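**Q** These protein sequence lines are chains A and B, in that order.
Numbering follows my numbering, with no gaps: position 78 of the first sequence is 78.
Take the position in the second sequence, starting the count at 1, then add 194; the result is the number in my numbering.
Hints are computed from structural coordinates only; laboratory data are not their basis.
A quick note: this is a predicted structure, and the numbers were derived from the prediction, not measured.
You can take every hint at face value.
Result set (DSS-like, lysine-lysine): computed pairs, CA atoms no more than 27 Å apart in a straight line: (1) A:Lys102 with B:Lys295; (2) B:Lys215 with B:Lys234; (3) B:Lys296 with A:Lys102; (4) B:Lys275 with A:Lys21; (5) B:Lys361 with B:Lys275.
Sample of chain B residues at the chain A side, in silico, Cβ under 10 Å: (6) Ala257; (7) Phe272; (8) Val303.
Glycine is no exception: its CB is placed at the ideal position from the N, C-alpha and C atoms.
There are 2 protein chains.
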Amino acid sequence: MDSLEKRIAKEGRVLPGNVLKVDSFLNHQIDPFLCMDMGKELARIFSDVHIDRVLTVEASGIAIGLAAAYALQVPLVFAKKRKSLLMTDEVYTAPVYSYTKKETNTISVLTQFLPAGENVLIVDDFLANGEASLGLASLVEQAGSRVAGIGIAVDKAFQNGHERILKAGYRLESLAVITSLEGGRVTFQEGHEC
Amino acid sequence: MDSLEKRIAKEGRVLPGNVLKVDSFLNHQIDPFLCMDMGKELARIFSDVHIDRVLTVEASGIAIGLAAAYALQVPLVFAKKRKSLLMTDEVYTAPVYSYTKKETNTISVLTQFLPAGENVLIVDDFLANGEASLGLASLVEQAGSRVAGIGIAVDKAFQNGHERILKAGYRLESLAVITSLEGGRVTFQEGHEC
Chain A
1 MDSLEKRIAK EGRVLPGNVL KVDSFLNHQI DPFLCMDMGK ELARIFSDVH
51 IDRVLTVEAS GIAIGLAAAY ALQVPLVFAK KRKSLLMTDE VYTAPVYSYT
101 KKETNTISVL TQFLPAGENV LIVDDFLANG EASLGLASLV EQAGSRVAGI
151 GIAVDKAFQN GHERILKAGY RLESLAVITS LEGGRVTFQE GHEC
Chain B
195 MDSLEKRIAK EGRVLPGNVL KVDSFLNHQI DPFLCMDMGK ELARIFSDVH
245 IDRVLTVEAS GIAIGLAAAY ALQVPLVFAK KRKSLLMTDE VYTAPVYSYT
295 KKETNTISVL TQFLPAGENV LIVDDFLANG EASLGLASLV EQAGSRVAGI
345 GIAVDKAFQN GHERILKAGY RLESLAVITS LEGGRVTFQE GHEC
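All chains should be modelled from the sequences, with the hints used to inform the complete structure.
**A** Take a look at the structure:
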């Protein structure tokens, strides 16, 4: 997605440890127009399949998840990273390790918000090691539903999440695919036309 | 806001301890159309003042914050509930006590995303004891900016947040004002026309 790649090239900051900061428009400050456009683009890319619901994980997946759900005209559900004292009902859970925060969170969704027999689109802002996406896919499958695909804003394809998702047999569509952050430069996948 | 009140009346569940669960459309599963409509309504209500930016707090404020920012055509910033290992830059912080989770979180925003001299609209999904809204207001004022107002989806006005915010001199606009949950019934403020 050209507008996203341009924005990453302009405002993204590369930090040591293959960290790409895009917090000026994606996950701390958010450009609502770019965000809604990303949702529309994901809806366009997945327009060949039926989608019943969008699933993401709090917190930074919520904005692009809402944008995608709005464009697809389906409900959004966001998994929680820890149980609230209010979540006394039945939940599906999956472990998700965060390399950034160096801890494992148990993500959960109330079973009533992941009905069986649906096609669920998983959406997230970043793909690095694939932990969050694979955890969300586990929730969908525990529910007896099907992962229609995984839609990502920024895919750090040089880390192992990209390959893990493809190897697991999921359809992966990323709006910006980054093949390297070497030397502090952001390199996008050649010929990527999403 | 009529459509929100109707949805609360239909799907809201009252639990012991003055808890109102609206997680089927507001803060776990999200109805994207209602959410975007709430954003439009907040933009309409605050159309008499200039707004430079919308500020909310993760996680459940992000959806309505995005909707409001999109309608107002300004950036959204969401405060984080804990510092990421990536947040090494300068931050504004404020303590926020959660009665639900029975713990104090330090919310924070990178100083670069709260410039001085702006009019900032604070938006959140729920108002109960006012801790989050007052914490966000503190961040705005630390930044040398002005709180243009506080826009809330569901205002549990029988708790003390409503009064605390008005006493502190802020303009409060709530899309649904609930005056009681006694007996498991949701009572809305009479004559409320937002």
